[in-house]
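Undergrad: All residue numbers for the sequence shown refer to full-length UniProt numbering, where the first residue is 1 and numbers rise by one.
Worth double-checking, as some hints may not be accurate.
Here are the computed lysine-lysine pairs in the PhoX-like style, where the Cα-Cα straight-line distance is at most 25 Å [stated by the list, open to error]: (1) K11 <-> K62; (2) K69 <-> K49; (3) K6 <-> K62; (4) K49 <-> K11; (5) K6 <-> K49; (6) K49 <-> K62; (7) K11 <-> K69.
Hints were generated in silico from the structure; no laboratory data involved.
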Amino acid sequence: MHLSLKYFILKQQTIDLYRQIIRASRAIPDPAARSETIAFFRADFNRNKYLSDLDAIENRIKAARREAKLILPIEK
1 MHLSLKYFIL KQQTIDLYRQ IIRASRAIPD PAARSETIAF FRADFNRNKY
51 LSDLDAIENR IKAARREAKL ILPIEK
């Protein structure tokens, strides 16, 4: 499999989004709710970590951003 520049850019966007979600989850005051939220996003990222289709990866990044904006106080 030939990995393109776009693949590496999407990979970095995924890592950045995951870190942003973890940082934003610190604003959740209840430790149990924070833990569940992190587990939810972690499971979502793990479920999609073997995607190789660039369009599918882009769509999952967009969906994760939408979900994060609904649940967490994320800037951007």
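Undergrad: Would you list, in rising numerical order, the hints stated earlier that this structure does not obey?
TA: Checked against the structure, no hint fails, so every one of them is satisfied.
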